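Both chains are sitting in their own frames, so use the hints and assemble them into the complex.
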Amino acid sequence: MSQTTRRDVFQAIADPTRRGILTLLTLQAMTPNALADHFDSSRQAVSKHVGILTECGLVTQQQTGREIYYHLNTQKIKEVDAWLEPFRKIWEGRFSQLDELLNNIKTNDHDRHTRNKDR
Amino acid sequence: MIDTQETRIVKDPSGKKLIVTRFFAAPLTKVWRAWTESRYLDEWWAPRPWKTQTKTMNFAPGGSWLYAMVGPDNETHWCRTDYQAVEPEKRFTGVGAFCDENGRLTDAIPSMQWDIRFTSTGDGTTVNVHLSFDNEASLEKIVQMGFKEGFTAAHGNLDELLARL
Numbered sequence: 001m002s003q004t005t006r007r008d009v010f011q012a013i014a015d016p017t018r019r020g021i022l023t024l025l026t027l028q029a030m031t032p033n034a035l036a037d038h039f040d041s042s043r044q045a046v047s048k049h050v051g052i053l054t055e056c057g058l059v060t061q062q063q064t065g066r067e068i069y070y071h072l073n074t075q076k077i078k079e080v081d082a083w084l085e086p087f088r089k090i091w092e093g094r095f096s097q098l099d100e101l102l103n104n105i106k107t108n109d110h111d112r113h114t115r116n117k118d119r
Numbered sequence: 120m121i122d123t124q125e126t127r128i129v130k131d132p133s134g135k136k137l138i139v140t141r142f143f144a145a146p147l148t149k150v151w152r153a154w155t156e157s158r159y160l161d162e163w164w165a166p167r168p169w170k171t172q173t174k175t176m177n178f179a180p181g182g183s184w185l186y187a188m189v190g191p192d193n194e195t196h197w198c199r200t201d202y203q204a205v206e207p208e209k210r211f212t213g214v215g216a217f218c219d220e221n222g223r224l225t226d227a228i229p230s231m232q233w234d235i236r237f238t239s240t241g242d243g244t245t246v247n248v249h250l251s252f253d254n255e256a257s258l259e260k261i262v263q264m265g266f267k268e269g270f271t272a273a274h275g276n277l278d279e280l281l282a283r284l
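Quick note, the sequences are listed as chains A and B, same order. Take the first sequence: its letters are residues 1 to 119, numbered as in our numbering. Take the second sequence: its letters are residues 120 to 284, numbered as in our numbering.
Next up, chain B with everything else stripped away, as it sits in the complex (with noise of 0.2 Å):
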């Protein structure tokens, strides 16, 4: 059975800075790999009816995932992870970047911190995810990104509700 659970969404008093805050009934084993390997990621990480495909990962310090999330009317944006430090099943860094199909980054866009760390809690997994960005006008931009992104993925749920009444 699948529980929904709730997304906590915090915004560092630094004003640079989101922490979410999400709790999954699954052992931290199969979490850690849901985020770690590019077969999963692909089945989760865009938001419906966005897609993800990757074209390249190597999940290590030092390494990059590189992948295109992809939409309804076939519009692409390249984005790539910069890998920095992994602690197995606890914790890992990376540098998130928009960029082109060979992983050549894009200015325009403002890169971002992530900071992903794992526990174990009663019969399930405590995820925390931490965004940090140089400074405050650069989240704001990230965030008003999200408002197309945002609208689409209600859009998505709403298809999926109608198509079960």
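If we strip away everything but chain A, and leave its shape as in the complex, we get (with noise of 0.2 Å):
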């Protein structure tokens, strides 16, 4: 298998610098540089990460009057959502097993043992 450059909204949140830009743009649509102001790097490297969040689908860019607007796709960051769902999936199923061991190791514990070793 080859290995390709990934795009995908994991790879969008991979990065500490990724998430800060995505946290500021889910409270309003930013300018390129009022957006780099909030951060220590330079200019380029922040336009830099946008630049991958936008080949993600994550941010979107729009052209108001002569300002570029970075806009959060709220609709993509659902994806992460749906990456933890099988995961919830296995710890649901787990959980309501154990449930069912407590209920039982409440009434016959001793009989449950008894009968395992028969198994």
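Derived by calculation from the structure, the hints in this document are not laboratory data. No experiment lies behind these values; they were computed from the predicted model shown. Built from N, CA and C at the ideal position, the CB exists for glycine as well. Among the hints, a few may not be true.
[What the hints assert, rightly or not] Below 25 Å or equal to it, Euclidean Cα-Cα: the simulated BS3-like pairs (lysine-lysine) are:
| id | chain 1 | residue 1 | chain 2 | residue 2 |
| --- | --- | --- | --- | --- |
| 1 | B | Lys260 | B | Lys136 |
| 2 | A | Lys78 | A | Lys48 |
| 3 | B | Lys174 | A | Lys76 |
| 4 | B | Lys130 | B | Lys149 |
| 5 | A | Lys76 | B | Lys136 |
| 6 | A | Lys48 | B | Lys135 |
| 7 | B | Lys130 | A | Lys78 |
| 8 | A | Lys78 | B | Lys136 |
| 9 | B | Lys170 | B | Lys260 |
[Said to hold, decoys possible] Output of the computed footprint for chain A on chain B, the stretches with three or more beta carbons under 8 Å from beta carbons of chain A:
| id | stretch |
| --- | --- |
| 10 | 144 to 158 |
| 11 | 174 to 180 |
| 12 | 250 to 262 |
So this is what it looks like as structure tokens:
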């Protein structure tokens, strides 16, 4: 399998600066300059991160008058939530079995132990 | 009666940690035993239709639990948890990893740090599972691996439902 550069939401949120940018954009659309003011890194560095976020589909750019504004694509952010879903299913499955087991330990701990040996 | 409790999963801002929280309607002593004795773990640890089969277990600091997760087609994944700190009926920590049947670790899959805390709350017990990884990429890999199992587990639940109809 060839190594390709990944451009998806997970790559987007893998970097702390990019997470910072996303957090700022949840509050309002921002110009490149206003955004860069929030970071110690250079404007070029911030703009490079915005570029990656754009390629990942998380940020869109809109021209308003002379200014460019960065907007957050909230729909895309939901993919992160969806990603956790299978993980949640495993734990929910596990835990409902544990509920059942706890219920059984409560009533007939001894019987259960004996029964297990026979399996 | 069994209530369906909500399982809360939160991703820590560091991006390297997942925190799973769940309430169980049972006293702390019982919940603790279910998490720390292999005969009980074998009954619930693997999401259905997978099964847990313990090979060896020594629940103590420095001890370990070697077990297999066996799938519906008998596919087998060996896992090992090395226990570190144990504070009875309060908390235990350890490192979980994939390995072969002799417990030799496989490097391909990142290991995870477990920190599990038990608290008596109301008429039951709250369990907090902290799952930490060396880096975000490892966390991502583990959760993605859950994809397959998650679907399998979901199907298991469906089977169960269908059988009852």
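Status of the hints after comparison with the structure:
A threshold of 25 Å between alpha carbons decides the hint, and for Lys260 (chain B) with Lys136 (chain B) the separation of about 13 Å falls inside it, so the pair holds. For the suggested pair Lys78 (chain A) and Lys48 (chain A), the alpha carbons sit about 23 Å apart, so the restraint of at most 25 Å is met. Taking the CA atoms of Lys174 (chain B) and Lys76 (chain A), the gap is near 44 Å; set against the 25 Å cutoff, the hint is violated. The hinted pair formed by Lys130 (chain B) and Lys149 (chain B) fails the criterion: a straight-line CA distance of about 28 Å is larger than 25 Å.
Simply put, Lys76 (chain A) and Lys136 (chain B) have alpha-carbon atoms about 22 Å apart, close enough for the 25 Å limit, and the pair holds. Pair hint Lys48 (chain A) plus Lys135 (chain B) holds up; C-alpha atoms about 24 Å apart against a cutoff of 25 Å. Under the criterion of a C-alpha separation no larger than 25 Å, the hint pairing Lys130 (chain B) with Lys78 (chain A) is consistent with the structure, at around 14 Å. At most 25 Å may separate the alpha-carbon atoms for a hinted pair to count; Lys78 (chain A) and Lys136 (chain B) meet this at roughly 19 Å.
This hinted pair checks out: Lys170 (chain B) and Lys260 (chain B) have alpha carbons roughly 22 Å apart, not beyond 25 Å. Check result for the stretch 144 to 158 of chain B against chain A: holds, 7 residues qualifying (beta carbon to beta carbon below 8 Å, three or more required). With 0 residues bearing a CB less than 8 Å from a CB of chain A, the stretch 174 to 180 of chain B misses the requirement of three and the coverage assertion fails. Under a criterion of three residues with beta carbons nearer than 8 Å to beta carbons of chain A, the stated coverage of the stretch 250 to 262 of chain B is upheld, 4 such residues being counted.
Hint compliance for this structure: hints 3, 4 and 11 are broken, all remaining hints hold.
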